[in-house]
Amino acid sequence: MTDQLPAIIVLMPLLGALLSVLLGMFDRKLCLPVALVALAITASSAVAMLANVLASPGQSLSYRFGGWDPLVGIEYRIDALSGLVVLAITAVGFLNAIYSKTRVRDESPRREHYFYALYLLLVAGLCGMVLTNDAFNLYVLLEICSLTSYALIAIGNRRAALASFNYVIIGTIGASFYLLGVGYLYIKTGALNMDGIHAALRANDIADSPTIKVGFILIMLGVWIKMALFPLHGWLSNAYSYAPTTTGTLMAPLMTKVMVYIMIRMMLSVFGTEFVFHEEFWSNGVVWIATVAIIAGSVLALARSDIKKMLTYLIVAEVGYMVGGAWLGNHSGMIGASYHILSDAAMTFCLFLAAGIIINRTGEARMNAFDGAFKKYPLTMIGFTVGALAMIGLPPSCGFFSKFYLISGGIEAGQWGFVVALLFSSLVNAVLFFRIFERAYFPKDLASGFEFGGDPDAKPDRSLDQVPYSMLVPMLIAAASLLVIGLANQTIVGWLNTALASFSLK
Amino acid sequence: MMLDHAMLANLIEDTVVPKINFWIYIILMMTGLYAMISKNNLIKKLIGMSIFQTAIILFYVSIGVKSGSGIPILGAETQREFHEVEHHNHEHDEHPEEFPDVYAYPTINPDDYANPLPHVLMLTAIVVGVSTLGLALAISQKIYHEYGSIEEDEILAQIKTRSDNDD
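The listed protein sequences correspond, in order, to chains Z and W.
If you read the first sequence in this note's numbering, its first letter stands for residue 45, the second for the next number, and so on.
If you read the second sequence in this note's numbering, its first letter stands for residue 2, the second for the next number, and so on.
Extracted from the complex, chain Z is given alone in its bound form (with noise of 0.2 Å):
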């Protein structure tokens, strides 16, 4: 049974996806306990087979579909960092299912057991994505991730059809290059399995020809659109600001993490090191990209007063600091890299989850939602708070650990301009939420915030916030979440070094 664990996780969610669309039919009220009814069993197994990488440290499962030999047929393959990758998504995806209780309710009435179809099958897609070590199986997972959060985008409020249009487009741009890509590497080395194309690759010395390169270049153009790296980052925060509230607390910590997550593993297991750092120049030019997006990603989200967009700007700078972490070429900045994609997932987040609450509590989606919220809805703020300062990176939440392996890779590489830009943002950051600490903690009209004199009885449900705990249970949780990675960092870094080990980094 352990065996068939990499099966389950993507199966789970179709089979879930498929129910609830017939389900629904008879009964739409069922189709959320079929969703955390897949997701619950999906985000056991990730566990369980997590817990199974690591049984034997160094090695890595490998589970082939009906029994062909990896040449022939597609192969699922889990590291430590896949396994860390997968419990993410699915514990994403699980909690966030909770949180949509209501939302979807109100937010697209007679329509959830689509929305509900198209959510799981989102999360098998992403689930895919990080499993399979087949590249064009890659490509088709990609695109069935991509074709349900456009559908899941365009059902938000009445910009937002037009936001997936272009995010269509985009996307669209993005995958071909990578199918171009994968077509190139096809041809010099015959194979699609990651590992195959490797050791073809190695065994007949053709790293330098020009057909590899250009797939090289192709795939990471492609993986660059897709995770919206700073000059190809227009689309992203319409798309996520516009789409409904559930909507985005999927796919704001999911989408760009999980494309991250493939760069790495392209340019790990498919290239390998020595082909990616060969030519100082291009991953030094990498770095520096990295560091504008970091910069800009960070002044454009000071610029807005838009809640959501300020957070989907923040994630345009902390793609920054993961493609940046990962082209250092060094150790420190790869371990930096993967601790980040599960740091900033959880990041991310949280502070949606928080953000949403705020937003649907106060019917505002500016900054002046948080005008006294501290007393209105204290829970939710202590979460918002946390998620925050693990932003900004204040110890001991997982984002000060995941900043400081990131800096001390730079400074390893000598790369000072992205050691600078680091710290740069975590300055803007702190500016912006401690903008919106005090609207929240100290309200200029004190007797909106206060009330002096009065009955405290007079409030009853305050210490619920007024919130249902369907909302209120997963942004706590995820808001633990932040402390949790935090003070494990030594343990979560461990597994991360046992799975960076065979990759001959510096």
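To give an idea of the interface, some chain W residues facing chain Z are shown, with a C-beta separation under 7 Å as derived from the structure:
| no. | residue |
| --- | --- |
| 1 | 129 |
| 2 | 132 |
| 3 | 133 |
Simulated coverage check for chain Z against chain W, where a stretch passes if three residues somewhere in it have a Cβ under 8 Å from a Cβ of chain W:
| no. | region |
| --- | --- |
| 4 | 189-196 |
| 5 | 200-207 |
| 6 | 217-224 |
It is worth saying that the hints were derived from the structure and are not from the lab.
We put the CB at the ideal spot given by N, CA and C, even for glycine.
The hints should help you fit chain W onto chain Z, whose structure is shown.
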């Protein structure tokens, strides 16, 4: 610079003719990319997207071709020989766990057949392309219902006036 006829013919023969499939796919792809980025009409953008995806399909299909190769289906003669070997293996099934006698099979020369794998991959890519196009058309219908137009500049102008009114 002047090129005489012979030089031009040589140049075309060296760079264009042997790689004609690459040239065609690149021209088609750039046409599609141009339409996707610079056209104002949403449907024209989608036509560009279709051309773009079709160019990649063409590229994949063309890399499976080898000179002098046929379609990857076994001829009747080879099929009959295969059948005989299978039949023979079944008759002598005393040791079922034993490996079948592969040397009895007729040899197939892979050079005789076009590589079927890129073609099979493109079946999936065609399905993906069709579903993307369908979804994008549905979204543009939604945009039309919302704004009464599928011209991007008109939609953006409407968005601008609306948000000015909101403030």
